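Engineer: In case you want the letters, here they are:
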Amino acid sequence: MYRYDEFDAGFVAERVHQFEDQVARRLSGELTEEQFKPLRLMNGVYLQLHAYMLRIAIPYGTLSARQLRKLAFIARRYDKGYGHFTTRQNIQFNWPALADCPAILNELATVEMHAIQTSGNCIRNVTSDHFAGAAGDEIEDPRPYAEILRQWSSLHPEYSFLPRKFKIAVNGAREDRAAIQVHDIGYQIVKNADGEIGFSVYLGGGQGRTPKIAHKIRDFLPKADLLRYTNAILRVYNLEGRRDNKYKARIKILVHEKGAEEMRAAVEKEFRREPANALALPPAEIDRIHAYFAPPSLPSRPALSQSVEKRSAADEDFARFVARNVAPHKVPGYGIVTISLKPIGGIPGDATAEQMEAVAALAETYSHEEIRVAHEQNLVLPHVALDDIPAIFDRLAEQGLATANVGLLSDIITCPGLDYCALATARSIPIAQRISERFGDPARAAEIGKLKINISGCINACGHHHVGHIGILGLDKAGVETYQIALGGSADDSCTLGEVTGPGFSTEEIVDSIEIVVDTYLSLRSNRDEDFLSTYRRVGMNPFRKALYERFQGSAI
Amino acid sequence: MLRIISANRLQDGTVVYLGPSGDWVTQLSEAILFTSDEASEAGLAKARGVMTSNLVIDPLIVEITEDGAGRRATTLRNAIRVCGPTVTFKSSAPETVRS
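Chains as they are written, first to last, in this note's numbering: chain Z, 3 to 559; chain P, 230 to 328.
Worth double-checking, as some hints may not be accurate.
List time: in silico DSS-like cross-link candidates among lysine-lysine, alpha-carbon distance up to 30 Å [as the list claims (entries may be wrong)]:
| no. | chain 1 | residue 1 | chain 2 | residue 2 |
| --- | --- | --- | --- | --- |
| 1 | Z | Lys260 | Z | Lys167 |
| 2 | Z | Lys225 | Z | Lys332 |
| 3 | Z | Lys225 | Z | Lys260 |
| 4 | Z | Lys248 | Z | Lys260 |
| 5 | Z | Lys452 | P | Lys319 |
| 6 | P | Lys275 | Z | Lys39 |
The following label-pair restraints were derived from C-beta to C-beta distances [to be verified]:
| no. | chain 1 | residue 1 | chain 2 | residue 2 | range |
| --- | --- | --- | --- | --- | --- |
| 7 | Z | Glu22 | P | Leu231 | 39 to 45 Å |
| 8 | Z | Tyr249 | P | Glu270 | 38 to 44 Å |
| 9 | P | Asp241 | Z | Ser299 | 45 to 51 Å |
Over the 12 Å line for every Cβ pair with chain P, so calculated as not near, a few chain Z residues [claimed, not checked]:
| no. | residue |
| --- | --- |
| 10 | Ala15 |
| 11 | Glu160 |
| 12 | Lys167 |
| 13 | Arg303 |
| 14 | Ala315 |
The hints are simulated quantities; they were obtained by calculation from the structure and are not laboratory data.
Every value quoted in this text rests on a predicted model; they were computed, and no experiment measured them.
Think of the CB as a built atom: it goes at the ideal place given N, C-alpha and C, for glycine as much as any other residue.
Please put together the full structure from these sequences, using the hints given.
Structural biologist: Here it is as structure tokens:
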């Protein structure tokens, strides 16, 4: 993992000190709310419906056991004993007192964490593949580049007041697990014909009220040019991005209005305008950052674990856990264990202080002290010996964390919705809970297979509903919660935006509606191996629409 | 139509209501009632003025109903502000958590 140097530590400590002073001045009345609000937002402090919320950055979703223990401590000491892991690989605390926020940031600084740039019109937390450094299909670990981008963009004076927020994702595996095509910039690590490793560049993707899939504007960018190219994109955006209308201010709108080809030309022109050595990444610096992410030493082990085989044969729950929650590691004899934060009927992404501490302990014992946060709101132990999985499963089960549903229907991405969020127009968590309960039976879930449901409580799409195989959007229709369904979305390398089925459904109808969609899929699939998305792409919207509106009229939203 | 003035307490974000003596109370039942647009707008203006300097933020007018069972917000959003999340979050053991 990256470790703070003297500069980083001093910089974060100074920011904490500044915020301490700002909060004191606000509480004394010296600063008005109008003066203070931008300052608190720069430090990740939002106001929700019934409390403040503190959003803490987890760079590219990588956490140490020590950091997770600190988050557990903060949850217990300063909040209500739990935290919420988000779709941007961050964590949010829903109940901190403003007066306590400086103390919380002080605690975070002791474990090299902060909340800077988790809000505002700046470059937000750079996200990445949660299996980075461990995945069998990886070309190169994306985290060193995400870290370089993080360092370069932190409090960058030119990019602290962009037209709107700006999100960058970096993926290093062949499979896109970082949803790069729905980011402002998506960097995909690739190998060119000469065997050189660099980046394909995707620009102008995003969700929100105007969802767009990114355009690939460059097939290959040499590593050395990562910052120079990013700088060129941001220069064009900063100059030409709209500041007259916040709903049209994201770079996706600029790309759309200008046209992808013209935008590419503008970026390339700006890129070439700078001297080639400007912002060039020296190989030695890339190597220095890479060293922080060196893979752990993993002793050679048999590819097949007898203890896993034996336990799987005798324990159906364990076998299911291995099948669903353990992914192949690049080193034989090891696995990547995803810890589902989606217990059946639970709140997606929530973890109690005790659960965080239990996961930290497992990371210390079994995963080289590393944890990852997935944008699907799960946790990951990235480097686990297969022989240790039975013991891990047992510890997880004690904490209610052994749900074997990764990638299945109940592994639902959900924003906090109207239960917490001041922007939301409808609740999303209760809908996720009811769907999870409806499809909670493991045998039924296995029969349905891979199916991603994403739920947002407003058009800002924090719950990624545009790219759910089934997306649900909660809206307020004349004071009543109404839920639109979209089908066929996907955030992976075959990125597509879901298509809305038609009129929305009431709170009472929505779970039955999802069941109709699922039953329609089961009746249409060509065989058990054809997953929901494949079936949808083959048969299209009509049979689903017909089945849905034969039963429900919908609410004409 | 009955209205009250609500806000979030500056110190900790707790939802509060303007009380009869110009103080901020945490119980909806103790909030001062306004029965006309003019009165509630005047109350809001006052709340936005001197009283908000370092006690509360984001004051707003909230429509409520009142019957034998008590006072209730008329919208789900405001009902959630009054009662908290409609979902039961899992928390740490109570003795280890701040109240």
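Engineer: Any hints from earlier that this structure breaks? Give me their numbers in increasing order, please.
Structural biologist: Hint 8 alone not satisfied by this model.
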